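Residue-level listing of the chains:
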Amino acid sequence: MAIKYTAKVIEHFKSPHNIGVIENADACATEGSPACGDEITVYLKIDKATDRIEDVKFQSYGCASNIATGSIITDLAKGKTIDEAEAITWKQAADELGGLPPVKMHCSVLAVDGLRSAIRKYKKEVKGIDYDSTLDVKTVTEELKHVLWPPVGVDIITLKMVKYIGIDQGAVRVEVSIGSDEKFLDPTIDEIVEHVSKIRGVKSVNVDNV
Amino acid sequence: MIYLDNFRSTMVAPEVWEAMRTAAIDRYAVPAAFTQCGTGAAELIERAQNRLAAAIGASQNEVVFTGSATEAINIALLGSTRAQAIDQPEIVTSEIEYPATLAVYKALEKEGYTAHYIKVDGEGRYDVDQLSSVLNEHTAMVSLMGVNHMIGTIEPLATAGNIIAEASKHIGRKIPYHVDFASALQTQRLDVDAVKADLVSFSSNKIHGPKGVGALYARKGTEVHPITFGSESYSPLVPGTPNTMGIAGFDKAIELLYATFDKDVEHMRSLVNRLAAGIRERIPHILLNGPEGAERAASHLCYSFLFIEGEAIMMFLDMDEIVVDTGSACAAATLKPNYILIAIGRNHEQAHGSIRFTLSRYSTEADVDAALGKLVPIVERLRAQSTIRPPVQ
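First to last, the protein sequences are chains A and B.
With the working numbering, the residue at position 95 of the first sequence is 95, and numbering never jumps.
With the working numbering, the residue at position 339 of the second sequence is 339, and numbering never jumps.
Some hints here could point you the wrong way.
Quick look at which bits of chain A chain B covers, simulated, 3 or more residues with Cβ under 8 Å [what the hints assert, rightly or not]:
| # | stretch |
| --- | --- |
| 1 | 7-20 |
| 2 | 39-49 |
| 3 | 81-92 |
| 4 | 138-146 |
Estimated spans, in silico, between C-beta atoms of each pair [to be verified]:
| # | chain 1 | residue 1 | chain 2 | residue 2 | range |
| --- | --- | --- | --- | --- | --- |
| 5 | B | 121 | A | 125 | 48 to 54 Å |
| 6 | B | 230 | A | 142 | 53 to 59 Å |
| 7 | A | 50 | B | 392 | 36 to 42 Å |
| 8 | B | 170 | A | 179 | 39 to 45 Å |
| 9 | B | 115 | A | 129 | 52 to 58 Å |
| 10 | A | 98 | B | 132 | 55 to 61 Å |
| 11 | B | 381 | A | 102 | 26 to 32 Å |
| 12 | B | 110 | A | 142 | 37 to 43 Å |
Calculated directly from the structure, the hints in this document are not laboratory data.
Values in this document were obtained by computation on a predicted structure and should not be read as measured data.
Glycine included, every Cβ here is placed at the ideal spot set by N, Cα and C.
Bound-form chain B, shown alone (with noise of 0.2 Å):
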């Protein structure tokens, strides 16, 4: 199999899967004081913790373990707004933000909070100017990403982060400034001071660790009130008993991906630059989604092959075992285009048509050959079949 759907997840590290087999099957005792085994446990969730803080510039008990990004960004958005007075709310964030952003916003909205969704420009960069200009006295949040999952755009998290502070300057109030950094920890590194973040939500599984683990830094000072109860843990934020073989694989992974960053990135966006390079040389007729070059995800491409439907495309690779994403209608369970492709400017019929290639430290280039070499055929066969005709060159 030639996997190309990274962003969505990836393949779990065999040192990440020995880290949590020695978790689960040698060192299983729950943290506790005292006793071998439960300061053993207690310790490897704060070797995790401290691990992460140093990546970021943060410190240990900035750091908790969640049961997923997802459950990261619920804390950091429901946690923080409850724990604000303020009248009349205002949350603010972007029309491109991953699916668990927008479906708590939208559940703060039907709280009574009124929501502000900054634009994006054709290359899905936020409207800074745009953000600027709805930061009131009201705002009880801003929540914005580190890259796009579907477009690959490196968002500018420092600058938003600078008009955020003013504003806060101004209202004599911090807001509080989420970043959903899932989509971005596998090829950005993030100084949580230099952007500015009071919250910061994370994902193993989208860097070879374990799905079921995410991780929440909530900067010191900044209020969170807890969203689920139940017995004493290492932090209010997530009571109950830890998944300390997920909290080690993520520790695992996070320390593989930083012990060859620079190196395994080089290598990420040189096979993406010679999947790019063979599109556009083989395959006309093409829309690339998202910006070029260094201001995009180094591991992901997303192109748009007009006049055919992306779910046959996908279908297509699939048969030979080769894992793509797509952003049309007819692959989305609710049979709508993919929202983003249509924030960026996009229409349907160029949405549908959307493929979303995203490599790991692990691809090769033979895998990006052997996919290109299929992908060709495909789309010519779809596009001979298609009721739609390429214009006349």
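Excised from the complex, chain A in its bound form (with noise of 0.2 Å):
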């Protein structure tokens, strides 16, 4: 099938709102890596007295979807308080375009990262509520619910692709089920020691494909 964006994609993308940078923000992320191809940075300025967001903008190196992503978060961000802000989902910013090819929805978790981080360091800097989980089984699972695999557009841990997490003093150890012909094996694995690499107490991520 041909892999297409929707108007609505393109219309974003194409006039993306709220791109550019707040000076003096209250708080700011970056998530995703130039290496693996997308990188944003969100910037928040939040009204202490109400925790309401007033402004949002974001950066971004990435693709089509991933500066429609921004766009559609950012939006979807603005004037809602950081709880509510907190709780959008990836699949909510992607329905909101309309949807994504299977093969971009990660563009829209990396966007929705990007607006949690930013949110979780104005809470922790200026509300002092800590985000920053032990590192155990659980955290893990939760960042791999992060990784989608690229045909489907599905989380790992929902396809049951992950088979062990192993945590060993820092060393995390992941074990995935992932046929070794596919073509996805390499940047899925790359993404998992991305994620995976981001928990606090993290000294060293190691994929192997059973």
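Please assemble the complex out of the two chains, which come individually in their own frames, going by the hints.
Set out below in structure tokens:
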């Protein structure tokens, strides 16, 4: 089937909303990496009395869907309280865009991660709420729910592709079951490493395809 | 539409379309003996064989028509390796070949062949010393390409041919040498004897011929087993009813190609130089992928635009009806950066920002100027909204 963007994606890519930088932002966070092909930075201006997002902007190094999801997620977040904005899911972002090709779903995950990271930074730095959880199988599992299998755009936990998670003094070992001929094997392993490395206390990540 | 993706495929030339129409509607018989329409179809194929053969210094029976360059590559590589009985066979190619060649090599590796992938330098030229060092009495095949499709590098085919001939003499057996000439045909002349090639693959749709036709040259005496089987045809390598409409189109495309070859190559080179000069002048922070000047195919240009991603550039150009290609992972079905750009030493970020412009003889100065005029603000705009900032000068 032809892989196409919806008219809504093209519209947001062509004229992205909320693009740019907020000087003196109350919080800002970057997710992804140029090496992986996508990176997004989200800036927040928050009314401290009401915890409402007064202004939100983003910058993107990435493809059309990365720019479009940055645009839609900042639209969705603007005017919401930080708790409401934190609850926005990548599925919601993708739905708002009229859907994304499965292979591009990870772009909406990245945009949502950028927004959540900025909110959590604000909560930690301004409100003193510490979100950094301890390194255990549960946190790794939660993080792996952000890694999507590109052919279907569904996370690798739901798809039962993760067979084992082992943690030993900061060394994380993840065993996945992906056919060795699968063309998405390498980029998926890269993404697992990128996500798990973000968890506090992780010293190394080892992914094996079993 | 301004189409600058001619290494992927080209417009069918109007004269080609006319030749195909004639073959499809007026002369649609299949090749056969004695009857007027049957022999007419047979002569159509012979004429096409002769035309390509004459252009590359071969003879009529050394040329067959296939369904694509991919099919020609499959027949050449599978058919030739299967025709040899070599103990612990080894096959040699490079790490920057066309996907069809690499896919056949992977399949042969599964059958037990040991494959060697020779390295390239920073501009994509084969390491011919490494080629020399890997050839031995177990070598069953060498496959190399004339022009690299992603970075435009003209490869040292004749040097490689001499090395393979020398090694063949040393081991007392001819090592078959296959050349993938699909991306080279548009801008490079070929003499199969000068290059010492035994097998050469061609594609029609890269030179304004139709899709669905390719050709294979197999030097007389080179043993190639058929890989498909069916009813008798003009060659056992291509059984079944021949695609006379496609062959007539390919034939016309070859005739047109050589009718104005030097003039067209000069035209395309001057346009590529104009585009390259405009990019260099108006866009900072760029990297040329592949060599400069005469060492690169005349119709080919590939730049990496740093700090931004190629699919976004490609999509913006597409909205302005300008068609290019990118080596970015985001645009690839595999989500991996282009392997050829990685092989020449580009990092992922540099590969993501790559845009390939490939011209044809139909491209004009106005096309190039319009593309440049659109490209400059697109790059500026994407850089302004990127998370990565250019270093302060």
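Hints, one by one, checked against the model:
no., hint, in the structure
1, 7-20, "holds (count 6)"
2, 39-49, "holds (count 3)"
3, 81-92, "violated (count 0)"
4, 138-146, "violated (count 0)"
5, B/121 x A/125: 48 to 54 Å, "50 Å, holds"
6, B/230 x A/142: 53 to 59 Å, "57 Å, holds"
7, A/50 x B/392: 36 to 42 Å, "39 Å, holds"
8, B/170 x A/179: 39 to 45 Å, "42 Å, holds"
9, B/115 x A/129: 52 to 58 Å, "56 Å, holds"
10, A/98 x B/132: 55 to 61 Å, "57 Å, holds"
11, B/381 x A/102: 26 to 32 Å, "28 Å, holds"
12, B/110 x A/142: 37 to 43 Å, "39 Å, holds"
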